[in-house]
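Visitor: Residues per chain, in single letters:
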Amino acid sequence: MQKLWVVKMEFLHYTFQSETLCVGERIKKGTFRPTVMTIPYTTITGALKTHFGGEEIHAVGCVESYDFKDYLTYSPRDRKIGVSKIPISLEFLVNVRGHVYILKNKETENLPDKFEMRIGALRVKGLGYTQFIKNGIVEVDESQLEYGELNTRIPLEHLDKFLIKPVKPVFGYLLKPISLSEAVYVKSLFERSEVYAPRFLIRGVEHGHSR
Amino acid sequence: MKELKPEIHDIGKLIDSSIIKHNFENYPEKLKNVPSIKMNPIWEGILQHHCTERDKEYPKSFETFVLSVADSVAAVTSRHYKKEVVGHNVYKLWNPPKQNIRDLSKVIGKNTDAPQWITEIVEFVNSYPDTKKYFETFGKYLKLRTEDAKANITSLWTHSKLTGVLYRFLYDYLEQINDDWFQNASKEEIKERINSIKEETKIKIVKIKINFSQHPVRIRDLNIFDVLKEVKKEILKEYPNNVIFVGFNELLLILPLNKNLEEMKEIVSKYGFWFEYVERVQNLDKPYPDPDRTKRKIIKYQRILQKKFEEALKRKIPTIPRNKRKEAEENIRKSIFEKDELVKEISILNAEYHAELKEGLYKKGSIYSDLPPQINPPICEICQLNQATKKWIDEESGIVEDLCVNCFNIRKRGSRFPKLDEWEKEGANRILWIRIGLDINELINILEDLYAEYLRSLGIREPEERAEIRFSVLSEFDWDYKEFLKKFKDKILETFGENNFQQILEDFVAVKIESLKNVLTVLRIFDDVFTKFFPKFKEIESPIKVGIVCSSIKYPFLESWRILSDLKYDIHVSVIGKGEIKLNLSQLTSFLEIDARDKALLYKLTAVSEISEKLAEIVLYDRSDRDYRKYKPLRDAVKKFGFQNILTYAKIMGG
Numbered sequence: 001m002q003k004l005w006v007v008k009m010e011f012l013h014y015t016f017q018s019e020t021l022c023v024g025e026r027i028k029k030g031t032f033r034p035t036v037m038t039i040p041y042t043t044i045t046g047a048l049k050t051h052f053g054g055e056e057i058h059a060v061g062c063v064e065s066y067d068f069k070d071y072l073t074y075s076p077r078d079r080k081i082g083v084s085k086i087p088i089s090l091e092f093l094v095n096v097r098g099h100v101y102i103l104k105n106k107e108t109e110n111l112p113d114k115f116e117m118r119i120g121a122l123r124v125k126g127l128g129y130t131q132f133i134k135n136g137i138v139e140v141d142e143s144q145l146e147y148g149e150l151n152t153r154i155p156l157e158h159l160d161k162f163l164i165k166p167v168k169p170v171f172g173y174l175l176k177p178i179s180l181s182e183a184v185y186v187k188s189l190f191e192r193s194e195v196y197a198p199r200f201l202i203r204g205v206e207h208g209h210s211r
Numbered sequence: 212m213k214e215l216k217p218e219i220h221d222i223g224k225l226i227d228s229s230i231i232k233h234n235f236e237n238y239p240e241k242l243k244n245v246p247s248i249k250m251n252p253i254w255e256g257i258l259q260h261h262c263t264e265r266d267k268e269y270p271k272s273f274e275t276f277v278l279s280v281a282d283s284v285a286a287v288t289s290r291h292y293k294k295e296v297v298g299h300n301v302y303k304l305w306n307p308p309k310q311n312i313r314d315l316s317k318v319i320g321k322n323t324d325a326p327q328w329i330t331e332i333v334e335f336v337n338s339y340p341d342t343k344k345y346f347e348t349f350g351k352y353l354k355l356r357t358e359d360a361k362a363n364i365t366s367l368w369t370h371s372k373l374t375g376v377l378y379r380f381l382y383d384y385l386e387q388i389n390d391d392w393f394q395n396a397s398k399e400e401i402k403e404r405i406n407s408i409k410e411e412t413k414i415k416i417v418k419i420k421i422n423f424s425q426h427p428v429r430i431r432d433l434n435i436f437d438v439l440k441e442v443k444k445e446i447l448k449e450y451p452n453n454v455i456f457v458g459f460n461e462l463l464l465i466l467p468l469n470k471n472l473e474e475m476k477e478i479v480s481k482y483g484f485w486f487e488y489v490e491r492v493q494n495l496d497k498p499y500p501d502p503d504r505t506k507r508k509i510i511k512y513q514r515i516l517q518k519k520f521e522e523a524l525k526r527k528i529p530t531i532p533r534n535k536r537k538e539a540e541e542n543i544r545k546s547i548f549e550k551d552e553l554v555k556e557i558s559i560l561n562a563e564y565h566a567e568l569k570e571g572l573y574k575k576g577s578i579y580s581d582l583p584p585q586i587n588p589p590i591c592e593i594c595q596l597n598q599a600t601k602k603w604i605d606e607e608s609g610i611v612e613d614l615c616v617n618c619f620n621i622r623k624r625g626s627r628f629p630k631l632d633e634w635e636k637e638g639a640n641r642i643l644w645i646r647i648g649l650d651i652n653e654l655i656n657i658l659e660d661l662y663a664e665y666l667r668s669l670g671i672r673e674p675e676e677r678a679e680i681r682f683s684v685l686s687e688f689d690w691d692y693k694e695f696l697k698k699f700k701d702k703i704l705e706t707f708g709e710n711n712f713q714q715i716l717e718d719f720v721a722v723k724i725e726s727l728k729n730v731l732t733v734l735r736i737f738d739d740v741f742t743k744f745f746p747k748f749k750e751i752e753s754p755i756k757v758g759i760v761c762s763s764i765k766y767p768f769l770e771s772w773r774i775l776s777d778l779k780y781d782i783h784v785s786v787i788g789k790g791e792i793k794l795n796l797s798q799l800t801s802f803l804e805i806d807a808r809d810k811a812l813l814y815k816l817t818a819v820s821e822i823s824e825k826l827a828e829i830v831l832y833d834r835s836d837r838d839y840r841k842y843k844p845l846r847d848a849v850k851k852f853g854f855q856n857i858l859t860y861a862k863i864m865g866g
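Residue numbers (this note's numbering), protein chains in the order written: chain A, 1 to 211; chain B, 212 to 866.
I should point out that these hints are in silico values taken from the structure, not numbers from a laboratory.
If you're wondering where the values come from, they're calculated on a predicted model, not measured in any experiment.
Honestly, I wouldn't trust all of these hints.
Said to hold, decoys possible - Below, computed lysine-lysine pairings styled on BS3-like, alpha-carbon distance capped at 25 angstroms:
| hint | chain 1 | residue 1 | chain 2 | residue 2 |
| --- | --- | --- | --- | --- |
| 1 | B | Lys-476 | A | Lys-165 |
| 2 | A | Lys-161 | B | Lys-575 |
| 3 | B | Lys-443 | B | Lys-476 |
| 4 | B | Lys-743 | B | Lys-354 |
| 5 | B | Lys-789 | A | Lys-69 |
| 6 | A | Lys-168 | B | Lys-476 |
| 7 | B | Lys-749 | B | Lys-851 |
| 8 | A | Lys-187 | B | Lys-476 |
Whenever a hint applies, use it, and build me the whole structure from the sequences.
Guide: Put into structure tokens, the structure is as follows:
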């Protein structure tokens, strides 16, 4: 049966700048922790929820450019036993510029045009201080989807909110908090998946077509 | 199935065709003192594998009928471009001979019209040998003689092997025809049936790429490459008549329409691997090797446009006043990305691509083991796709890692790099990780261009249209590529010695070095061996890339692997803490010939760059600097290779 309606979505488009940003990759080996090169759904949505409050916030992001990678070595302290562990080298990006797209709904439509918050890992060490500036609103309907490689990470349960239709998926897991102290890993679509999706979620396209 | 040994069907091509036709139908003709044919299934295959007007003999059984189909599908081309012989020697597109040789005897180094040679061949077939013996006895000649002297780009060796695979596949796949039909059918009817089978039979050409989610964090995790080899072996065992080409982690298969790829899932996912696939339904008479060719061509044309854009910028922008450059850049962008003739081509290909995807003629996807919708922590730290149920405790540091059963078992296999510990204990300073990578899509693009160039040189019309790269050319290339890897490895081993060398994989080795200058030694070896095997790639582009990471022995392997696993430049040298060199292969020889004999000067430049790289650049061009004149060779090199490459070079040479 032919569909009688076309799904339409609106997204708030923010550009962001961050002097130092680390979105910790889970690979560890205990002593080295690289950074993810995109802004996963869980990272940005979690940060927005903590900053503004609210339940129905859904956002994804991507990194457009950065100057270089740098490393921070520190020795995390095990609070239970009161001693420092072996030093960890942490990778982070310097002078990062990127984009964040927030699903427009009652909770998000009045978000400020400009705001600052910390995102990513090691915020207590001063990393992740980020300024967001609203660039406009992007309208997308199903007929405008483009084909290409996904530029972000997003749980499967939220694909519909961003009109993403996977063709050749690359799967992984993202950590999803289920209470203040507990979290589970949820199956997610990772960058480089081939998808039909709004233009802004396709790797390599220019951003900034907002009204 | 009668054992007609399809691989042996073209043995007659080792005989001068002016004496005996390669299907032996005129044997012994005027020859005297030669043995007579003792009929067996191999002879039936040889005699009956053609069905053309030129030949008297034709298929008279289902077996020879299938062989005839397999032979033409395996052929390098379905169209004969030239009416006359081009050459009996193999014209390797990547390493062409100085000239095409028409005399078969000269090519294989045997008197191919001599009765002794013909006797040897006839007696061999009379003995009803097995295929292994055939390749042992005649392999060296099969490698020298082209499959088709009118389109001489692959060897008889490759064609024979491929015909064998296709014969066995088609024997099971095609509907059986009983012997009564062959007894009553005319040659014309059989020929028609062969043609209609080739035109109407649909097959699936599938390319799969095996991926692993495991990130090799420790050297020990390189065991996944052993596992990858095992997975490939298992696939070959399960699909002996379907696999046409095997690359590092890619396989090309020919499958019946009803064959489901889910069946392969079991093999691949056993170790936590997953695979992506592209498949295309194709006619048997058009078996291009690349089911993803539309997408590949789109990417190829997009790259050409990008290159045109960059070249136009380089050419035009410096002549435009600064305040008008942005506008000029935009105009150049529009003229290329909107008006170039390739843009139309890309949009046609794009429409074709999406239509085929929609119609299901072309499919792509990825197949994983059954991944649960959610996993309770901890998750495996290596693959991050399974719950971690095992703990790995590092004996030395005491670090504990949470691993899943798959990754735990892979790591437990032991180290692939036993010498690393010794080197660490010896207090070795630096290590070189050297990896060679091959991009299959780029390879097909480049071979297509080279083939078109060759056809053009033979005076063939519409060479681009005809330059199809089929399975046989890829197999032929694979054979040379493996030889090249071996030669490169042997040379490195010879130069650095057994104690300082460790092979990890076929295309991945490690070397303990004393001096940074050894980086250039490795590049020289690579340049020499590469030029011998693939001189044509140096003239245009190369699908083969080399990555060298020079680091302290304690540097995290994960970081080195990140560079080496995704090689983006023909030559990518990363000297950790010093800088990088990124070159095209066409630049390599002249880069290694840079005139930089004055060590003190290099040392000075390096020392300045440690304060500021910009300052070092200024020093190089500062006319008031007392060494300005001495810097000339370096300034010339900067013009050619860029400042970053030269600075890293200076740091390497300066120690």
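Visitor: Given the hinted pair Lys-161(A) and Lys-575(B), is their alpha-carbon gap at most 25 angstroms?
Guide: 24 angstroms, holds
Visitor: If you draw a straight line from the CA of Lys-789(B) to the CA of Lys-69(A), is it 25 angstroms or shorter?
Guide: Answer holds: Lys-789(B) to Lys-69(A) is near 15 angstroms, not above 25 angstroms.
Visitor: Given the hint that Lys-476(B) pairs with Lys-165(A), does the C-alpha gap stay at or below 25 angstroms?
Guide: OK: Lys-476(B) and Lys-165(A) at ~23 angstroms, within 25 angstroms.
Visitor: Quick one, are Lys-443(B) and Lys-476(B) close enough, alpha carbons at most 25 angstroms?
Guide: The hint holds at about 13 angstroms.
Visitor: Between the alpha carbons of Lys-168(A) and Lys-476(B), is the straight-line distance 25 angstroms or under?
Guide: 15 angstroms, holds
Visitor: Can the restraint linking Lys-743(B) and Lys-354(B) be considered satisfied, given a maximum Cα separation of 25 angstroms?
Guide: Roughly 18 angstroms between the alpha carbons, so the hint for Lys-743(B) and Lys-354(B) holds.
Visitor: Regarding the pair Lys-187(A) and Lys-476(B), is the alpha-carbon distance no greater than 25 angstroms?
Guide: Cα-Cα ~19 angstroms, so holds.
Visitor: Is Lys-749(B) close enough to Lys-851(B), meaning Cα to Cα at most 25 angstroms?
Guide: 17 angstroms, holds
Violation of the numbered hints given earlier is absent; every hint is satisfied by the structure.
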